[in-house]
Structures are given as C-alpha cells and as structure tokens.
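Student: Protein chains in written order, with numbering that gives the first Met the number 0: chain W, 0 to 407; chain X, 0 to 439.
Think of the hints as simulated: they come from the structure by calculation, not from any bench.
Mixed in with the good hints there might be a few duds.
[Unchecked claim] In the PhoX-like style, the derived pairs of lysine-lysine whose C-alpha atoms are separated by at most 20 Å in a straight line are:
#1 X:K160 x X:K170
#2 W:K189 x X:K69
#3 X:K213 x W:K274
Since this is a predicted model, take the numbers as computed values, not measurements.
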Amino acid sequence: MDIQPILAALRKHKIPAILIVLEIALACAVLCNAVFMIGQRIGEIKLPNAIDEQGIADIRVLGTDPKLSADDVPRNLAALRQIPGVTAAAVINTMPLTNNGWNAGVGTSPADVMDKDSPNVATYFFTSSAEQALGLRLLRGRFFTSEEFAGSKLSDSYIPTGHVTLVTQSLADRLWPGQDALGRQVWIDKDFHFTVVGIVADVLRPNENGEGLAAFHWSMFLPLTPGPGGYLNDYIVRSAPQDRERVLRAAVAKLEALSPNAVVRPITFTDIRDKYFANTRSMIWMLVLVCVVMLAVTAFGIVGLTSFWVGQRRRQIGIRRAVGATRAHILQHFQTENFLLSSAGVAAGMILAFGINLYLMQHYQMLRMPWYYLPASAIALWVLGQLAVLGPALRASNVPPVVATRDG
Amino acid sequence: MFAYYLELALRSLKHNRALNVLMVVAIAVGIGASMTTLTVLHILSGDPLPGKSARLFYAQVDGDPTPDYKHAEPPDALDYQSAVDLWSARRADRQALIVDSQIKTRAPEANRPPLMLMMLSTTSDFFPMFEVPFEYGSAWTPEDDANRARVAVISSDLNDKLFGGQDSVGKTLRLGDADVRIVGVLKPWRPSPQFYDVRGGRFSNGDTSDYYTKPEDVFTPFYTGLEINDGNFNQFNCWAPPPNPGHLVNSPCNWVGLWVELDSAAKVVSYREFLNSYAQQQKTLGRIRYTETRLRDLMQWLDFNQYVPRNAKLQTWLAFAFLAICLFNTVGLLLAKFLRRAGEIGVRRALGASRGAVFAQCLTEAGLIGLLGGVGGWLLTLLGLWLVRRQPTPYSDLVHMDVAMFFTTFVLAVVVSLIAGALPALRASRIAPALQLKTL
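Work out the full structure: start from the sequences and follow the hints.
Tutor: Structure follows, in structure tokens:
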C-alpha cells in the first residue's frame, strides 16, 4: 500500500494527528509501568512459603505473667495436644507475615556480622515439635533433637543460647553462594554462633522489612525451651484443613480457661496471609482499573477523531470510489493511517515508559523493567488502535461513489 | 454576551450527543481518578496542628557512644538519661516526654474480657501543648507527674467501650496489675498524622501508613507508666543488649521522645544552644561521644520522616498521567466538534462576529462540558473515596471530601476543559468566512 497519500492527508490534519500520537504515547508509557507494577505485586503475593498454610492456626496469648511462662507454656501445649484433630502444637516467638518482626544481622564470621552489608535475617525461636507444627519441609540435614531444645534458653540479648540452627535455602545461598551450608557457622552479633544442621524450603519473614523481595526468604530457626519472660506468645496449632475452624475454637476455649486473665487472639494462617497482602491486593485492583479505563478512553478518543475525519472526507472518499478505488482500498487507507499514528505513538511511548521507569527506580525503589514489557505494550496499543479504527473505517468504506457528484 | 454564549453552548450540547457524552465521560473519569488520589494526599499531607505546629519542636541528642558509621544524624529517640535531664531542665515553655507501650487493660466494673491496648506515658504538658480536647475531667497535674500518681486519661473510644460513653472520671481502670483512677476522658481526637509518635521514617522504605493510626487509648503520667508496665517497653534501638529486656530505664537504648513548645524565635535559638551545651557537657563527662543535636519543628520532623506514604504519592502520579490522557482525548474531540460546525462559524464570522467572539463562544462550550464533567467527576470521586474507606489502611477512616476539595474538583474540571478547549477554539476562530460560505 502506498503511504504517500496518507502522509499527505495527515499533513492536512496536523493537530489531531499529533494529539492521537501523544495520547497513544502516554497510554503506552503508563500501561508499561502499571503492568510492570501489577506483575511485581502479583509476584509478591505468589511468593512460596513452605509451611502448611491451610492447616495452621496461630493463637497469640498476651497479658499473662511472664515469670510463670516456664510452667504455663508446657501446660498449655499439653492441653492443646489433647484436642481431637490437632496433629501438632508448639510455641514460637512470631509467625510469618504477622508484621511482628524479630530480626538480626547475621554473618559467617564475627567480623562479617559487623559489616554494613551483612544480611538482616528474620529469626524464629520455637519449642520442640514446632517443625511438625509449622510443616517445615526439610531439604537436607536434620531437624533439632530434644537435647538441643532442652539446652537452649533465651539470653538477655533476646537470642537463644543453643548452638544449632535451621536456615532456609535462600539464606544458605546468600551466606554461602555455591557452597554446602550444612555444618557451617552463622554468627548473630559477635557473641552468638550456630551450626547449620538442616536446610529447609523457603519460609517467609514476618514482614518484608524494606530489603527487597530477595530478602523475604531470609529466615532462620533456633530451638528454645520455655523459660521465664513473655517472648513465646504464638501458639501454633496444626490440623487437617477441614478441622481447622473447629480445632481453633476448641483451642481458644481451652487457653481462655487455663489463663482467665489473658488476652487470647486467634487467627488462621490463611487470614494472616489475607491481612498481610490486603493493601497489595487493593493496589493491584486499582492499577488494573486505571489500565482498563485508560485504554477505553484512548480507544474512544481514536473512534471519535477518526469518525470526524471520515465525516470531513466523505467527498474525497466518494471521489476516490468514483475513480475506481474499492471498498477494501478505503478500509486500508484508514487502517494504515491508524497504524502509522500508533507506530509514532508507541515509539515515543516506549522512550517515555523507559524514562518513567528510571524515575520510579530512583524515587520509589522500583526495579528495572524487563525490556519485553515495551514491545508487549506496543503490540497491545497497535491492536487497540486497529480495533478502534475499524468501525469508522467500515463506515468510510460504505460511502457510495455517488457522493462525489453531489455538491458539498 | 456570556449568557448568549451559554445559550449557544447548551443548544450545541443537543447536537453530536455521542461526541459530547464521550467528552464529559472522559473528563469525569480523569477528574474522578485524580481527585480521589489528590484528596487522599491532601488528607495525609496536612498539618496536624495548624497555627501551632511551628512552635512545637522534637529534640534529638545522640546518646549512643559506639564508634561506627551511624552518627551523621542523631537517633530518632533519646536514651533515658538524656530525656529526663532535658525534660527536668525545663528550658522550654512546655515540654513532654513520650513513650508508648502495650498493656493489658480492664475496668473492674465493666464485665468484659481484658483488652491489649496502647498506652502513652507522658507528662502533664502533653495535653495543653498538643491542644488535646477533653470531654470530661482534665489532665493530671505536674504534681501527679512528680508523685508517680496512679491516674490516667482515656480516649473517647475506650470510654464508649468500657463505660458506655458515661462520665467515667473517678472510676478505676486496671492496667496490667495496677489500679489507676481515671481523671479525664478525651473528646474524639484523631490528629492526622498521629504526629507525636512519628519516628523511624528513614528506615520505613516509604511504607509510613502506620503514622496515621489512632492515638493511644490510655494516657498515664510518664513515671507511673514506667512503673506499672515495667518489662514491656520497646526500644527504638540499642547499642548493647539491655540487662533486663523490656526494662529500659538506664539501659543502653534509645526509646523516649521529647517534644518542647517554644513560643518565640529567640527561645528557639537559646534552646538550640542549650541542647548543644548539654551534649558538650555530657561528652566532657564521658557519657556520650557524639555531639550532633537536632531541634526540628513539627512539620520539619514530619518531612524528615517522609511521612506521606509512598504508595499514596505514586497513585497520585498515576492518576494525573491518566488525567493527561483524558485531556489529550478531549482536545481531539473538541477540535472535531468545533470544526464540524465550520459552516455555522463561517456564517457568524460573515455576519460580523469577531475572532475573539468565536473564540469566547467555543471556550464557553468547552467550559460547560468541563462543568458537566466536573459533576460526573465529583460523583466518581465520592465513589473512589468510598472505595478507599473500605481498604484496610490505618488512615481509611480519615478519608472524606472537605469543602476545599469539593471546590477543587470543579475548578480542576473547568480549568482542564478550558486548557483542552483553547487550541480547538483558536483553530475555530481562524476559520475563513469566505471559504465556508462558498461551500454552504
């Protein structure tokens, strides 16, 4: 198809042509970045978490006398384990995604801990059989022995005095890239060190902690025996998913009966997850809504302007038809015209999208957008343009040649 | 003349219905999106104490003697010694220590399970200094501060919950294991942000929505709070493990905030000098090592903490990009609308209308469409704000449209449509009458 006449026609309508190009450029730029943000957030929600999310409930017991917890905790656990349907119960200092962070800087040597770039890690302390209660998936090595649980108390620095730990695969890869982590030492502060006895599948931290998604799986687990001090507040109760609600009610009743003055806060893990990601999810919906409405507005803008052009050029179209152009020729004319405008728009839009991404990287800690987002959204806008132009173009192709002979 | 243009504009609305509806909808959607995010931003970035905030200051001294890289800026909270020294020096017009902690709360009279609530331990100046409104009773006295009196002020929410909104002054509240007497009940009080607890924004990575939570439900004198909730305090940071976790008095930890009110510029200068000389003196005594101090006023402190959540700002950017797309769209459609009537405009020009008159008429039409879009945008903004209120963010209950934002909606809509209309109107006013008349 010869594009010379189309360019000539566009030159006559500079302003509307520029407007369409600008609109498409801006839509392309916003679309790229919005879709990228949506993707990032979906990625965050989809992060794997290797515990039994469907079967776990968490009951936080607050306001008890911390001096008595050495006795209270074993008593409460024994009571919980008697509930029919409970497959495992244990106490832990905090749970994934609860925003109750227990973090520590760790390193592979005492000097390494003090380094500014040493990784900040979520530390979970739990009592015996918590591996089963959480449903941790052991990849290599072993879980803790009962001696290791019994020998570990909480020190004044909030760190257990035991000398063994389980680490997640991601943390192992971060601390000893390309090497075997089993048997190596992890240091917390400069006074505490732990031997890695097992590597477990990735478990999420209590919160993202502002260190990026890569760090969201940096968790380590330390054994602990209940002692005085109110730090073991989260009772994990695991059951089959269908028993979960019933077990949770029974567990709350038992705990309330055992500690009448306590504040007992039950929640299933699925609710913990929903709560943690509620904001992320609403941001996703908002971005989707903006994208859809924006594309609709752009499409209607193209329909409106092209309709106007078709109306203005009825006579010329009639003449072209009269001198031998087929309907297909007229249709093609408008489609090609739109394709040219869209191309100019997406070309500018891709540059703009890249610029916006750079700005967001600087000011909003956004990641670099992978290159394929650019051609993908370009194709989306090409298709959108062609669909939008189809109606007016068909109407144009239906202009009868006889129009040419009429005046006006 | 304007009335005549308006009549023409109204008349032209009836022609090209589809085109007009398209423009009104485009403006409405653009305005709706941008005003929703702008209203949220407006509410989040406001001054919590207008007229007073310039006289309130947050004092910082660096009590951490560890030699490392962190000392360019003093920490966001004070260690116990510095806080109490500065407070008891009473060099400001008013001064309040603050520290908050979680505590189990019950009312022996009310028959309901205990609650875990946030308690603010502060000093008596807190209430007049931050203009906290009272429903019943009053704040405690400076003597209560000194005597560690077992008294408390409670929030209106808690009073509703425990005492059904009745005057509960004189009644007893059990905090942890201690009984305190209620001396005051607040009116509903919801500063935005909850400015006095703001800290640590540098480390929050832009997720600062927690700065907009409700104020604490229980307020006790500073020392009273430290006594009855001993063992349950959280540090801002520690430079060495505290000997008794949760007990932070004289521990190597930063955890207390100090707000001061300074009513004149001269006092601000002299308070700065006082802070510096205190740091110097403590350094001489060997207690601290770094003498950087800060005295930021309330808004500076909020800005330093980058208190507006990053997501809210990002959404506003997005919404305005969206409005720009709607604007381009409207320019194109207005151009189509005006040029389609080239013949009519040609006749008016031939009959003596000046270019200015045609331009004014076209702009009136654009403005009218903007106004209609504004009405639609206002309704969409209300819908958008309703959606925001249903979100689980701490500030969702704060979000509403105020008078300023109501008018901004319409001003923005009309301004946007006038900007959009300017170029098409200019084109329309350039239409040569002769050429158009020939084709009629």
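Student: Work down the list of hints and note, for each, if the structure agrees.
Tutor: Here is what the structure says about each hint:
1. X:K160 x X:K170: 14 Å, holds
2. W:K189 x X:K69: 18 Å, holds
3. X:K213 x W:K274: It holds: about 19 Å lies between the C-alpha atoms, which stays within 20 Å.
In summary, the structure agrees with every hint in the numbered list given earlier.
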